[in-house]
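One-letter residues, chain by chain:
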Amino acid sequence: MPHLWDSLAAGDIITAHEALEGPMLPILHAMQEHFGCIPEEAIRLIAARLNLTRAEVHGVVSFYHDFRRAPAGRHVLKLCRAEACQSMGGEANAAGLLHRLGLGWGETTPDGRLTVEAVYCLGLCACAPNAMLDGEVHGRLDAGTLEALAMEVL
Amino acid sequence: MRVFIPRDAAALAVGADRVAAAIAAQAQARGVALEIIRTGSRGMFWLEPLVEVETPGGRMGYGAVGLRDVPGLFDADFQNGGWHEKSTGLVEKIPFFAKQDRLTFARCGVIDPLDLDAYRALGGYDGLARALQLGAAQTVAEVKASGLRGRGGAGFPTGIKWETVRTAVAAQKYVVCNADEGDSGTFADRMLMEGDPFTLIEGMTIAAIAVGAAHGYIYVRSEYPHAIRTMNAAIAIARREGLLGRAVMGSAYEFELEVRVGAGAYVCGEETALLESLEGKRGQVRAKPPIPALVGLFGKPTVVNNLVSFATIPFILEKGAAVYADYGMGRSRGTMPVQIAGNVKHGGLFEVAFGITLGELVNEIGGGSATGRPVRAVQAGGPLGAYFPPALFDTLYDYEAFAARDGLIGHGGLVVFDEHVDMAKMARFAMAFCAHESCGKCTPCRIGSTRGEEVLDKIAAGEDAEENIALVKDLCETMKFGSLCALGGFTPYPVLSALHHFPEDFAPAAIPAAAQ
Chain A
85 MPHLWDSLAA GDIITAHEAL EGPMLPILHA MQEHFGCIPE EAIRLIAARL
135 NLTRAEVHGV VSFYHDFRRA PAGRHVLKLC RAEACQSMGG EANAAGLLHR
185 LGLGWGETTP DGRLTVEAVY CLGLCACAPN AMLDGEVHGR LDAGTLEALA
235 MEVL
Chain B
350 MRVFIPRDAA ALAVGADRVA AAIAAQAQAR GVALEIIRTG SRGMFWLEPL
400 VEVETPGGRM GYGAVGLRDV PGLFDADFQN GGWHEKSTGL VEKIPFFAKQ
450 DRLTFARCGV IDPLDLDAYR ALGGYDGLAR ALQLGAAQTV AEVKASGLRG
500 RGGAGFPTGI KWETVRTAVA AQKYVVCNAD EGDSGTFADR MLMEGDPFTL
550 IEGMTIAAIA VGAAHGYIYV RSEYPHAIRT MNAAIAIARR EGLLGRAVMG
600 SAYEFELEVR VGAGAYVCGE ETALLESLEG KRGQVRAKPP IPALVGLFGK
650 PTVVNNLVSF ATIPFILEKG AAVYADYGMG RSRGTMPVQI AGNVKHGGLF
700 EVAFGITLGE LVNEIGGGSA TGRPVRAVQA GGPLGAYFPP ALFDTLYDYE
750 AFAARDGLIG HGGLVVFDEH VDMAKMARFA MAFCAHESCG KCTPCRIGST
800 RGEEVLDKIA AGEDAEENIA LVKDLCETMK FGSLCALGGF TPYPVLSALH
850 HFPEDFAPAA IPAAAQ
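In order, the protein sequences belong to chains A and B.
Numbering-wise (the working numbering), the first sequence opens with residue 85 and increments by one.
Numbering-wise (the working numbering), the second sequence opens with residue 350 and increments by one.
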């Protein structure tokens with residue numbers, strides 16, 4: 085479970101990485117790992133500690149698809165929408181699952197258990213279509229196995 | 350008895366961990382002494398999980414093993430190579446494997462990726478030892494003589510890039526590995542990091558010594574958590590064993606290497622955007638010149654190479670440039686790890702000398718479509734690559750031959766589509782993907798991709814099709830010649846090739862079929 089905002093913990097994260105060359109991305113990854121997202125307070129703190137403007141930090145956070153402004157659901161299912169997965173029917177499987185869950189891309193179930201997101205390639209293209217659930221990879225999915233995968237965490 | 354089971358992410362995605370656990374449990378229950386070694390993948394993904402057993406005649410394989418097969422494997426005495434319905438015979442005799450020229454990927458799928466002794470036993474670190482003997486200038490000369498060109502897609506001669514950095518005068522220089530493998534249909538970088546990470550470390554170390562850099566970064570995309578873990582573990586081992594750090598292999602050279610993780614931006618695979626990202630900024634493309642070889646990371650001279658380029662260096666240094674250059678055709682020397690993916694029967698990584706035809710790769714090696722329906726299109730070179738129809742399957746796999754047919758080999762990916770593909774939809778996807786991933790710095794890419802998506806929607810709706818097709822072609826010209834980098838500049842390739850080779854999919858009559 086992600087932790088609630090804690091400026092001391094956030095300060096420690098920055099301290100642990102600030103000696104690196106180009107520490108911004110490592111700090112943001114570590115922040116998100118700890119807090120589940122990049123809270124507004126984190127942006128202020130990073131800006132102050134790295135001697136940048138808030139706009140500069142905000143610009144970086146908002147540029148990268150990975151960084152969230154609010155925590156995701158307890159589980160995150162990433163479905164690949166790139167060409168190789170399309171060639172094996174991935175889009176239809178995904179549409180079926182989203183319909184069944186009543187979700188759009190990037191949305192979370194009302195109980196907060198599952199967020200379904202698009203990803204553009206997991207590098208498993210010879211075992212398409214594929215998905216990643218909480219960091220674990222799954223290949224050769226069809227409509228049935230994809231739904232079973234989602235049901236494991238619902 | 351030694352049993353080899355991959356821990357490559359693609360093998361894990363189809364159950365390799367579960368199979369390994371079941372084999373261990375079954376062995377214990379039956380009192381069979383087995384040593385299970387987790388390897389990378391051979392790259393024959395239709396056979397994953399591929400279980401291999403050491404026998405006097407070589408490694409015997411059992412392909413696409415499921416949990417249900419495990420008791421039967423023991424009944425068949427698989428640990429001594431016994432026949433089972435999942436038998437593939439000797440793994441290195443499987444035609445898909447036997448027809449390859451495995452130079453860069455020689456150890457991938459063979460050894461435990463973190464077993465440094467196994468790496469050394471198969472020639473590992475002989476290349477670095479030779480580079481240390483040769484010295485910097487001779488090492489660069491060797492890379493030049495090998496004819497190696499950048500395997501990320503641009504195909505720029507690696508040796509010339511290195512020479513530029515070597516002769517640049519600066520107190521600090523960097524080597525940066527581009528492992529931001531974002532192209533759909535490619536997985537060579539991932540496979541190598543998970544299957545033979547020391548090859549990359551050795552290749553980058555040779556580069557660093559050759560150009561006079563003491564610090565290197567591997568920029569890996571966040572979508573590859575398994576590769577990141579293996580790479581970090583390998584770097585820690587190399588550091589402990591004196592292969593990285595203050596005195597590399599006891600020499601006077603210092604080299605520190607670090608993994609940096611991307612954050613889901615496709616454009617960071619473009620070398621200048623990657624450098625911006627490493628510096629902690631938005632991944633926006635820089636205008637060139639100045640080239641990164643002179644003004645790169647933190648403004649210092651920097652070698653930025655694709656992972657496959659670096660991973661090929663140890664072979665070139667170990668065996669000599671001439672041996673490598675002996676493979677290939679024309680100005681495309683050596684081998685390319687071609688990644689055959691999508692709707693294909695035998696998908697996987699096929700490392701082969703340049704000069705094979707596209708048709709051989711798709712139909713003979715790949716075995717045609719997975720669904721058994723006729724192949725209709727192949728996208729070569731990732732989301733920015735052209736779609737080839739079967740009529741062009743005689744195209745030779747070579748940088749120049751692909752360019753002559755308005756295509757590119759890119760990072761070596763091939764995505765196969767059967768006759769159900771709707772090419773108007775794929776053209777639209779190319780524009781939509783560009784719009785989604787554009788860094789926003791230049792107008793043709795940022796605005797052009799969105800306008801392209803809209804015009805293609807109008808064509809699909811049958812709105813002034815002829816006029817709008819002319820408009821989208823014109824827009825593609827603007828993007829091609831007006832964009833700062835390959836994202837906007839190459840998005841026209843899939844769009845124009847779809848329009849050119851599959852015009853029937855854009856005709857109003859095609860709409861009802863496409864809508865189904």
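Hints are computed from structural coordinates only; laboratory data are not their basis.
One thing to keep in mind: the hints can contain errors.
[What the hints assert, rightly or not] Computed list of chain A residues with no C-beta within reach of chain B, every gap over 12 Å: (1) P86; (2) S91; (3) A93; (4) T99; (5) E140; (6) H149; (7) D150; (8) K162; (9) A166; (10) S171; (11) E175; (12) A202; (13) V221; (14) R224; (15) E236; (16) L238.
[As the list claims (entries may be wrong)] DSS-like, lysine-lysine: derived pairs with alpha carbons at most 27 Å apart: (17) K162(A) / K822(B); (18) K442(B) / K774(B); (19) K630(B) / K493(B); (20) K649(B) / K442(B); (21) K162(A) / K649(B); (22) K162(A) / K668(B); (23) K668(B) / K694(B); (24) K649(B) / K668(B); (25) K493(B) / K442(B).
We put the beta carbon where it would ideally sit given N, CA and C, even for glycine.
Checked hints:
| no. | hint | in the structure |
| --- | --- | --- |
| 1 | P86 | holds, 17 Å |
| 2 | S91 | holds, 21 Å |
| 3 | A93 | holds, 21 Å |
| 4 | T99 | holds, 16 Å |
| 5 | E140 | violated, 8 Å |
| 6 | H149 | violated, 4 Å |
| 7 | D150 | violated, 4 Å |
| 8 | K162 | violated, 8 Å |
| 9 | A166 | violated, 3 Å |
| 10 | S171 | violated, 4 Å |
| 11 | E175 | violated, 9 Å |
| 12 | A202 | violated, 9 Å |
| 13 | V221 | violated, 4 Å |
| 14 | R224 | violated, 6 Å |
| 15 | E236 | holds, 14 Å |
| 16 | L238 | holds, 21 Å |
| 17 | K162(A) / K822(B) | violated, 34 Å |
| 18 | K442(B) / K774(B) | violated, 40 Å |
| 19 | K630(B) / K493(B) | violated, 33 Å |
| 20 | K649(B) / K442(B) | violated, 48 Å |
| 21 | K162(A) / K649(B) | violated, 37 Å |
| 22 | K162(A) / K668(B) | violated, 43 Å |
| 23 | K668(B) / K694(B) | violated, 35 Å |
| 24 | K649(B) / K668(B) | violated, 32 Å |
| 25 | K493(B) / K442(B) | violated, 34 Å |
Hint compliance for this structure: hints 5, 6, 7, 8, 9, 10, 11, 12, 13, 14, 17, 18, 19, 20, 21, 22, 23, 24 and 25 are not met, and every other hint is.
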